[in-house]
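Peer 1: Order-wise, the sequence lines are chains W and L.
Numbering that gives the first Met the number 0 applies: residue 0 is where the first sequence begins, and numbers increase by one.
Numbering that gives the first Met the number 0 applies: residue 0 is where the second sequence begins, and numbers increase by one.
Keep in mind the hints are simulated off the structure, nothing from the lab.
Don't take each hint at face value.
Simulated restraints, written as ranges between beta carbons of each label pair [to be verified]:
{"id": "1", "chain 1": "W", "residue 1": "D276", "chain 2": "L", "residue 2": "A134", "range": "29 to 39 Å"}
{"id": "2", "chain 1": "L", "residue 1": "R33", "chain 2": "W", "residue 2": "W7", "range": "45 to 55 Å"}
{"id": "3", "chain 1": "W", "residue 1": "V127", "chain 2": "L", "residue 2": "F23", "range": "52 to 62 Å"}
{"id": "4", "chain 1": "L", "residue 1": "A134", "chain 2": "W", "residue 2": "A15", "range": "40 to 50 Å"}
{"id": "5", "chain 1": "L", "residue 1": "L320", "chain 2": "W", "residue 2": "P108", "range": "23 to 33 Å"}
{"id": "6", "chain 1": "W", "residue 1": "R167", "chain 2": "L", "residue 2": "R213", "range": "48 to 58 Å"}
{"id": "7", "chain 1": "L", "residue 1": "R25", "chain 2": "W", "residue 2": "L113", "range": "12 to 22 Å"}
{"id": "8", "chain 1": "L", "residue 1": "G60", "chain 2": "W", "residue 2": "L193", "range": "44 to 54 Å"}
To be clear about the criterion: a stretch of chain W counts as covered by chain L if any three or more of its residues have a C-beta under 8 Å from a C-beta of chain L, and this derived list gives those stretches [stated by the list, open to error]:
{"id": "9", "segment": "46–58"}
{"id": "10", "segment": "61–67"}
{"id": "11", "segment": "111–119"}
Sample of chain L residues with no beta-carbon within 10 Å of chain W, all distances over it, derived [what the hints assert, rightly or not]:
{"id": "12", "residue": "R33"}
{"id": "13", "residue": "F107"}
{"id": "14", "residue": "D109"}
{"id": "15", "residue": "T309"}
Keep in mind that this is a model prediction, so the values were computed, not measured.
Backbone N, C-alpha and C define an ideal beta-carbon position, used for all residues, glycine too.
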Amino acid sequence: MRALRRGWLRFRAHRAAVAAGLLVAVLAIAAAFAPLVAPADPLAQPDPVALQNQPPSAAHLLGTDRFSRDVLSRIVYGARVSLGVGAAAALLAVTVGALVGLAAGLASPAVDQLLMRSVDVALALPRVFLILLVLALWENAPPWVVVLLIALTGWFQTSRVVRALVLRLRESEFVQAARALGSGRPGLVRRHLLPHLAPTIIVSATLDVGNIILLESGLSYLGLGIRPPAPSWGNMIQDGKDQLFSAPWVAAAPGLALLVTVVAFNLFGDGLQAAFDPRDRR
Amino acid sequence: MDGERSAVSGTRPLLEVADLVVHFTRRTGLFGTRRETVQAVNGVSFAIGRRETLGLVGESGCGKTTLARAVLHLVERTSGTVRFDGADLAALRPAELRRARRRLQIVFQDPYASLNPRMTIGRAVREGLEVHRLARGAEADRRVRALLEEVGLPADAADAYPHEFSGGQRQRAGIARALAVEPELLVCDEPVSALDVSVQAQVLNLLADLQVRRGLSYLFISHDLAVVRHVAPRVAVMYLGRIVEEGPADALYAAPRHPYTQALLSAVPVPDPTTRRARIVLPGDPPSPVHPPAGCPFHPRCPHPAKDQTCLTVRPELTQLAPGHRVACHKA
């Protein structure tokens with residue numbers, strides 16, 4: 000409990016991280032309760048001729064796009080896609096990475112070498128091209144395929160970091176003492192390894208969310224991620240790029256949402272890192 | 000620490016180490032193509048009876064810590080046997096090994112590294128109780144408090160984290176953790192080396208009390224001859240992975256037979272400023288355990304005037320010079 004409070008004090012000292020954390024929370028709530036938060040149906044096209052490309056106004060706070068759809072509502076629903084894909088893929092990637100890292104760190108040197116050299120090979124593959132290839136071949140892939148592809152190409156770094164930590168912890172005297180007491184491997188992992196790995200894993204997952212949101216938006220922009228008419232920040236920017244000068248808000252609004260969200264996740268991750276590090280005395 | 004001397008003749012010793020060898024192989028070179036072998040422990044034999052203390056001295060890097068971990072089966076041995084109460088730990092199945100582990104425990108040197116910083120003292124002490132299903136719930140709480148009191152910590156220390164304590168208090172917590180599973184043998188790996196001198200005495204006294212109260216046996220490892228003399232009626236001196244001299248503390252301190260023991264003892268400060276002693280200064284550093292010298296491992300630094308060709312080529316075996324006093328030196 001005391002450790003928790005001290006961690007909170009360290010986190011609070013990072014003002015930007017606190018603001019970022021609040022923003023992340025607001026975004027998450029807005030995404031979760033999108034039907035209540037959004038002023039209109041994101042797919043409704045009230046009058047594609049008369050109401051298209053309306054500038055921001057009281058009726059449409061962020062204007063309308065070329066099909067007369069409310070941009071703000073589409074951003075709110077798009078947040079569901081971005082945060083959903085980001086969180087799901089980051090969680091999956093970090094879980095796989097942590098499990099592989101733990102296995103490599105605790106296994107025999109032969110198994111460890113096999114796992115880590117495979118990771119080296121995997122890290123040399125160009126991630127984005129790999130994902131593009133699969134999505135180009137699998138037309139209209141459902142969102143879970145996007146999540147799976149991003150996660151399965153995104154765990155390598157985490158596994159390396161976790162393995163390195165496990166190797167160090169394994170030799171530490173308190174782990175040796177636990178082994179001498181007769182603790183089995185599951186007990187060692189649960190009582191002694193995971194509490195020390197958790198901060199790294201959590202920070203790594205948070206920072207991953209930002210990167211994955213960016214990656215998913217890129218895929219959707221290219222028309223390979225979330226397919227229209229379902230709103231995603233990536234395909235909204237794609238939609239708006241033809242009227243960049245006549246109706247700049249259509250592309251700028253989701254672009255800004257994307258920028259702010261990614262920066263928020265990165266700042267939040269940095270703040271968490273500081274909170275978990277007792278040596279951080281800011 | 001005046002436990003009864005060695006075990007009654009006829010009964011077997013509690014711990015019996017025979018020809019223990021621990022080598023580590025590591026890959027070096029740019030692509031890990033060269034292999035080199037660190038000969039950390041190189042054929043060590045000794046025995047410890049019930050309620051007995053064996054002091055083990057030697058400078059850092061001589062293999063003391065590896066020996067301690069090999070005795071507890073925390074590192075794989077290359078060859079040799081470690082028998083605890085007659086049973087070879089290496090031959091046990093995993094479940095049996097875990098049960099046997101209860102009976103021999105370790106106290107580490109660094110009280111800062113030996114306690115999990117994210118675990119309260121209470122949980123650390125409780126771990127052994129839970130692993131071996133000795134107690135649970137309120138009974139476990141009661142046992143934890145009793146153990147903390149036994150080692151001289153307040154009972155409410157159970158709820159605090161290691162960083163809230165001083166080095167001496169942490170070492171007491173480490174001892175309580177080891178005692179929780181009611182061991183018969185405690186391996187103390189430099190248990191007081193990281194502590195202030197005033198605190199050292201307190202911890203040593205605690206260990207002495209515990210030996211009497213619980214009938215413990217100790218393998219007491221230290222680089223500090225003065226500390227070992229205070230604690231152990233029998234002492235073994237280790238150099239480069241081997242025991243070079245072993246004997247009753249009185250005889251060994253009064254008349255060391257091995258040139259290395261003589262040099263070590265000449266370096267112990269004497270509290271009386273009027274006493275002047277010839278200090279034997281050894282030339283050079285201990286050789287690397289990767290390439291131990293041929294013949295007597297001590298020959299490159301040996302100041303013995305009668306050192307000859309035999310010392311350079313033939314390794315001396317531990318031989319009995321007096322009852323219970325063994326020395327590995329051609330010239331002793």
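Peer 1: Given the range 52 to 62 Å, decide if the beta-carbon distance of V127 (chain W) to F23 (chain L) lies inside it.
Peer 2: 43 Å, violated
Peer 1: If you count the residues of the segment 46–58 of chain W with a beta-carbon closer than 8 Å to a beta-carbon of chain L, do you get 3 or more?
Peer 2: violated (count 0)
Peer 1: For F107 (chain L), is the shortest CB-to-CB distance to chain W above 10 Å, so the non-interface label stands?
Peer 2: 5 Å, violated
Peer 1: Within 40 to 50 Å: is that where the Cβ-Cβ distance between A134 (chain L) and A15 (chain W) falls?
Peer 2: For A15 (chain W) against A134 (chain L), whose Cβ atoms are near 49 Å apart, the range 40 to 50 Å holds.
Peer 1: Verify this for me: three or more residues of the segment 111–119 of chain W with a beta carbon less than 8 Å from a beta carbon of chain L.
Peer 2: violated (count 0)
Peer 1: For R25 (chain L) and L113 (chain W), compare the CB-CB distance with the range 12 to 22 Å and indicate the outcome.
Peer 2: 19 Å, holds
Peer 1: Mind verifying the non-interface call on R33 (chain L)? Its CB should be farther than 10 Å from each CB in chain W.
Peer 2: About 16 Å separates R33 (chain L) from the closest Cβ of chain W, which puts it past 10 Å; holds.
Peer 1: Taking the shortest Cβ-to-Cβ distance between D109 (chain L) and chain W, state whether it exceeds 10 Å.
Peer 2: The claim is violated: D109 (chain L) sits with its nearest Cβ about 6 Å from chain W, within 10 Å.
Peer 1: Given a hinted range of 45 to 55 Å, is it respected by the beta-carbon distance of R33 (chain L) and W7 (chain W)?
Peer 2: 51 Å, holds
Peer 1: Between L320 (chain L) and P108 (chain W), is the Cβ distance one that fits in 23 to 33 Å?
Peer 2: For L320 (chain L) and P108 (chain W) the Cβ distance comes to about 44 Å; the hint is violated.
Peer 1: So does G60 (chain L) sit 44 to 54 Å from L193 (chain W), Cβ to Cβ?
Peer 2: 34 Å, violated
Peer 1: Holds or violated: is the Cβ of T309 (chain L) farther than 10 Å from all Cβ atoms of chain W?
Peer 2: 41 Å, holds
The structure is inconsistent with the numbered hints 3, 5, 6, 8, 9, 10, 11, 13 and 14, although it conforms to all the rest.
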